[in-house]
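Colleague: One-letter residues, chain by chain:
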Amino acid sequence: MVYRFTVDSTMHTQMIDITDKVREIVSESGVLDGLCTIFIPHTTAAVTINENADPDVKTDFMKEINKIVPWEDNYRHFEGNSAAHLKASMMGFSETVIIENGRLLLGRWQDIYFLEYDGARTRTVIVKVSAC
Amino acid sequence: MVYRFTVDSTMHTQMIDITDKVREIVSESGVLDGLCTIFIPHTTAAVTINENADPDVKTDFMKEINKIVPWEDNYRHFEGNSAAHLKASMMGFSETVIIENGRLLLGRWQDIYFLEYDGARTRTVIVKVSAC
Amino acid sequence: MVYRFTVDSTMHTQMIDITDKVREIVSESGVLDGLCTIFIPHTTAAVTINENADPDVKTDFMKEINKIVPWEDNYRHFEGNSAAHLKASMMGFSETVIIENGRLLLGRWQDIYFLEYDGARTRTVIVKVSAC
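Residue numbers (my numbering), protein chains in the order written: chain G, 1 to 132; chain R, 1 to 132; chain F, 1 to 132.
What the hints contain is simulated information worked out from the structure, not anything from laboratory work. Warning: the hint list may mix true and false statements.
To be verified - Using 27 Å as the maximum straight-line C-alpha spacing, the simulated DSS-like pairs for lysine-lysine come out as follows:
#1 G:Lys-21 <-> G:Lys-63
#2 R:Lys-63 <-> F:Lys-63
#3 F:Lys-21 <-> G:Lys-63
#4 F:Lys-63 <-> G:Lys-67
#5 F:Lys-67 <-> R:Lys-67
#6 R:Lys-63 <-> G:Lys-67
#7 G:Lys-63 <-> R:Lys-67
#8 G:Lys-63 <-> F:Lys-63
#9 R:Lys-21 <-> G:Lys-63
#10 G:Lys-67 <-> F:Lys-67
#11 R:Lys-67 <-> R:Lys-21
#12 R:Lys-67 <-> G:Lys-67
#13 F:Lys-67 <-> F:Lys-21
#14 R:Lys-67 <-> F:Lys-63
#15 R:Lys-63 <-> F:Lys-67
Unchecked claim - Sample of chain R residues facing chain G (criterion: CB under 10 Å; computed from the structure):
#16 Val-2
#17 Leu-32
#18 Thr-43
#19 Tyr-75
#20 Ala-83
#21 Thr-124
Stated by the list, open to error - Just so you have them, the derived chain G footprint on chain R, three or more residues with Cβ under 8 Å:
#22 51-65
#23 93-101
#24 108-114
Even glycine gets a Cβ: it sits at the ideal position worked out from N, Cα and C.
In isolation and in its complexed conformation, chain G is listed as follows (with noise of 0.2 Å):
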């Protein structure tokens, strides 16, 4: 009951829906009340659920984190991407959402996003379906 795909970041900083996949991979496995974990096994990325109507959202949401967290601030580390490590933390590595009658109980207007800080890349995600 664990499952991976892979997502293609096109830019430096992105935020991509995965909700489909999500759903697909609960419907696959057949599980009608449970957990869906979905995990991502990198440092630099990061998962979290956000709205799913105005993309103007998304600009905001990265633009306004990225601020927060300025990719310049004289870090030591010399790959250079400090600020990602630190905002996948701030985002987050996995995520729950519950399954019950074998739909993902999200709310009307939340999505699953797959958070990229340090892109374009070739990413995993994973996700494990929990019937408990």
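Dock chains R and F against chain G, hints included.
Modeller: Leaving out everything else, chains R and F in the frame of chain G:
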């Protein structure tokens, strides 16, 4: 084993203790050992854990996060609540608490809080109790 | 299937790798497929995942979050550690890692970190291994 209850926020940003309600649900479920998942099906409200003693912690907490993510910052989103969307993701939409011998394994100073970032409104909290 | 261990922080803010300890617990549990929940029963300490290679990432990570949430900012809380409370909630008190074939599904560069924001102290970490 999926429970729902509503929270009525009375302020624009507010930290509301929901621990008693979650404890009641765990008790009602009859589950002795497992996981309790608290999920917020909104995009401008969140859930966290924090101190249950000095109420000044709540005041400082909300004041400081509101300062870090300012309400006005030339956001594009037409509803004007982009700050609420970002703060909700920074705090998170789900919290997992371990259940042992029928009790939530919260620390002595920990309570569970619903976080309102764009109230006042009636909101829903979903709780799943898993015997696993 | 609930395990506890202690962490002795030696600095006021500190990022301590607890991956080996969590791996040991998963191995001891005998669970081959399921979920591992790491829970911090405190209000000024948290848990996250991040890079395990260059130690400068840890330095940058803690320095930058300490800058974003300053220690002094006219807080009202009499203990004076409101910044620690907020940082802990921003990072989160629980982390869920998927277990497959008896192994934690961490990415190549990922380790699990205990985050101290108001040390030095002896702290507790709770780990639950669920076969689900």
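Colleague: Against each hint, give a clear statement of whether it holds in the structure.
Modeller: These are the hints, each one checked on the structure:
no.: 1; hint: G:Lys-21 <-> G:Lys-63; result: holds, 26 Å
no.: 2; hint: R:Lys-63 <-> F:Lys-63; result: holds, 21 Å
no.: 3; hint: F:Lys-21 <-> G:Lys-63; result: violated, 38 Å
no.: 4; hint: F:Lys-63 <-> G:Lys-67; result: holds, 16 Å
no.: 5; hint: F:Lys-67 <-> R:Lys-67; result: holds, 13 Å
no.: 6; hint: R:Lys-63 <-> G:Lys-67; result: holds, 19 Å
no.: 7; hint: G:Lys-63 <-> R:Lys-67; result: holds, 16 Å
no.: 8; hint: G:Lys-63 <-> F:Lys-63; result: holds, 22 Å
no.: 9; hint: R:Lys-21 <-> G:Lys-63; result: violated, 37 Å
no.: 10; hint: G:Lys-67 <-> F:Lys-67; result: holds, 13 Å
no.: 11; hint: R:Lys-67 <-> R:Lys-21; result: violated, 30 Å
no.: 12; hint: R:Lys-67 <-> G:Lys-67; result: holds, 13 Å
no.: 13; hint: F:Lys-67 <-> F:Lys-21; result: violated, 30 Å
no.: 14; hint: R:Lys-67 <-> F:Lys-63; result: holds, 19 Å
no.: 15; hint: R:Lys-63 <-> F:Lys-67; result: holds, 16 Å
no.: 16; hint: Val-2; result: holds, 5 Å
no.: 17; hint: Leu-32; result: violated, 14 Å
no.: 18; hint: Thr-43; result: holds, 5 Å
no.: 19; hint: Tyr-75; result: holds, 4 Å
no.: 20; hint: Ala-83; result: holds, 7 Å
no.: 21; hint: Thr-124; result: holds, 8 Å
no.: 22; hint: 51-65; result: violated (count 0)
no.: 23; hint: 93-101; result: holds (count 3)
no.: 24; hint: 108-114; result: violated (count 0)
Of the numbered hints stated above, those contradicted by the structure are hints 3, 9, 11, 13, 17, 22 and 24, listed in ascending order.
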